[in-house]
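At position 129 of the sequence shown (counting the first as 1) the number is 204 in our numbering, and the numbers step up by one without a gap.
Bear in mind the hints are in silico, worked out from the structure with no lab data behind them. Misleading hints may appear alongside valid ones.
[What the hints assert, rightly or not] Pairwise CB distance ranges, derived in the manner of DEER restraints:
hint: 1; residue 1: D85; residue 2: S136; range: 40 to 48 Å
hint: 2; residue 1: P149; residue 2: L198; range: 38 to 46 Å
hint: 3; residue 1: A191; residue 2: A137; range: 42 to 50 Å
hint: 4; residue 1: P86; residue 2: L139; range: 47 to 55 Å
Keep in mind it's a predicted model, so treat the numbers as computed, not measured. Built from N, CA and C at the ideal position, the CB exists for glycine as well.
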Amino acid sequence: MNHDNGHGMDPQARRLHQAALAQVSPQTLMRLRAARHEAGLQASPVGHGRTWRWLTATAFSAVLAVGIGLQWLPRTPTVPASAPVAAVPSDGDAIVDELGVAGTFDEDPDLYLWLASADAQPLAMESTR
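Turn these sequences into a full structure, and let the hints steer you where they fit.
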């Protein structure tokens, strides 16, 4: 990244840095490089572990937020545009839907009233032994 604002500071800083490096002895430069390398090796595992922790926490938070957001979406029943309409037979036969299941239970409201009554539960609990 070049932050030179027209005053020539970047080239001047580079020249000063080169002059400073020329005055440092090779032994000192070697010790500085070794210390920098060792510090980088020691710091890498700690930083690497933190990165995975932050990444995991962020991913979990994102999945949780999407899950909560999906709960607030409006639910509208989707009806396919080309849904076949079953014709009502005139002789009282059972209506068969597109899956081949008879639809007579849909036409008899008395069945649902009986299922809600007190008589239906003991009958459902009987054993068929």
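Here's how the hints hold up against the structure:
{"no.": "1", "hint": "D85 with S136: 40 to 48 Å", "in the structure": "holds (41 Å)"}
{"no.": "2", "hint": "P149 with L198: 38 to 46 Å", "in the structure": "holds (40 Å)"}
{"no.": "3", "hint": "A191 with A137: 42 to 50 Å", "in the structure": "holds (44 Å)"}
{"no.": "4", "hint": "P86 with L139: 47 to 55 Å", "in the structure": "holds (52 Å)"}
The structure shown violates none of the earlier numbered hints.
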